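In the order they appear, the protein sequences are chains A and B.
Residue numbering for the first sequence is 1 to 207, as defined by my numbering.
Residue numbering for the second sequence is 1001 to 1207, as defined by my numbering.
If you're looking for bench data, these hints aren't it; they were derived computationally from the structure.
Check each hint, because a few of them may be wrong.
Below are the BS3-like pairs computed for lysine-lysine, each with C-alpha atoms no more than 27 angstroms apart in a straight line [claimed, not checked]:
# : chain 1 : residue 1 : chain 2 : residue 2
1 : B       : Lys1194   : A       : Lys153
2 : A       : Lys104    : A       : Lys140
3 : A       : Lys194    : B       : Lys1194
Remember, it's a predicted structure, so these values are computed and weren't measured experimentally.
Protein chains: 2
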Amino acid sequence: MNLRTRNRPTTHLLALVGAVVTLLMSGAVADDTKRYEATFTADGELIRPSGWREWVFVGSPLTPNSLNGGEAPFPEFHSVYIDPESWAHWKETGKFREGTMLAKELTLVGATAATSGIGFFNGDLQGFEIAHKDSSRYSKDTGGWAYYSFGHKPEPYADTTAAQPIAACAACHTAAAADDMVFTQYYPILKTAKDAGDDGAGVGGEQ
Amino acid sequence: MNLRTRNRPTTHLLALVGAVVTLLMSGAVADDTKRYEATFTADGELIRPSGWREWVFVGSPLTPNSLNGGEAPFPEFHSVYIDPESWAHWKETGKFREGTMLAKELTLVGATAATSGIGFFNGDLQGFEIAHKDSSRYSKDTGGWAYYSFGHKPEPYADTTAAQPIAACAACHTAAAADDMVFTQYYPILKTAKDAGDDGAGVGGEQ
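Input sequences plus hints: build the corresponding full structure.
Spelled out as structure tokens, the structure:
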């Protein structure tokens, strides 16, 4: 058996490895689209991420005009999400990783009565905001977070936006948020999932 | 070179292949858990799916006791999700595919005041329900849907449960739901995403 012949099985095996790895990596690449690392314009504005409605929902606080003298500071439904990678990190560690993005999409209060009773039902989309944690980019005064508004209006939202002044957002988060500038006290899903691993995503029944 | 020596590189390579395939398949297997086809016990009870908090959120109707004489039929926040495969189908076709599952996790009304104003904030988890579409399994009288409650209480929820009687759920859906037994009129995300393709998940800004 000469060297060339001897190596042939190895060569074939390498080709097989290549094919298998390519096949499996194509899935892995698809997975990568679920990674939402913040990107910025040359002048430091945050670029609106894509696909946030497929992030992980954490809660829906509501302070409607009808309960705040017609002038609520935040009259819309807040639909709050965390990006998938940071959700995975939260489940494992109970911490908001550097790079965490929480998205808040607003919807108007639509219907206030239905067959299910008197209350509040999501109306039209009305704005989009991001909280982003990056201790190397933002001040210690805000715990390493910054807050961005892409518009308080229907779509299309702004493509890019500068961070809000501290008084506009960070001040209240500093004063009242329970865990690392996030109002986890109002997000039972985050409380349940903290350090819980995959069980935090909802445990299936037994067959 | 004896046979044993000659095979050693191949053996090592096979071990490497095994390790790589195992590593990559762990990701692939994780992906497969994103498909949530309903499964049933031998006597036809639906088995509670796993990981619904990572499904796609569609809306959060609320009809609190405080606005319904203290006796609201549905006093909790309803956090409503659609399973990922059915969401993808909805984005592409605007239809609820056979097999669609909508999950509804309940949370008590927790705080009713915060620095953001008077209102309603998610409290503790308080129940879990599923709407499932399968025209081959369920009656035309319910449009091919059935409704399941895994408990109106904190976790742990029931592992399996039988379909609810028509009067308990389907009757109201038949009477008032806008689109194929689903209250899409209260789910702006479903309305926005219908036939919209990936744009329905939220469009990113331009660089």
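Inset, instruction - Could you check the structure against the hints above and give me the numbers of any it violates, in ascending order? - result: Checked against the structure, the only hint that fails is number 3, while the rest are satisfied.
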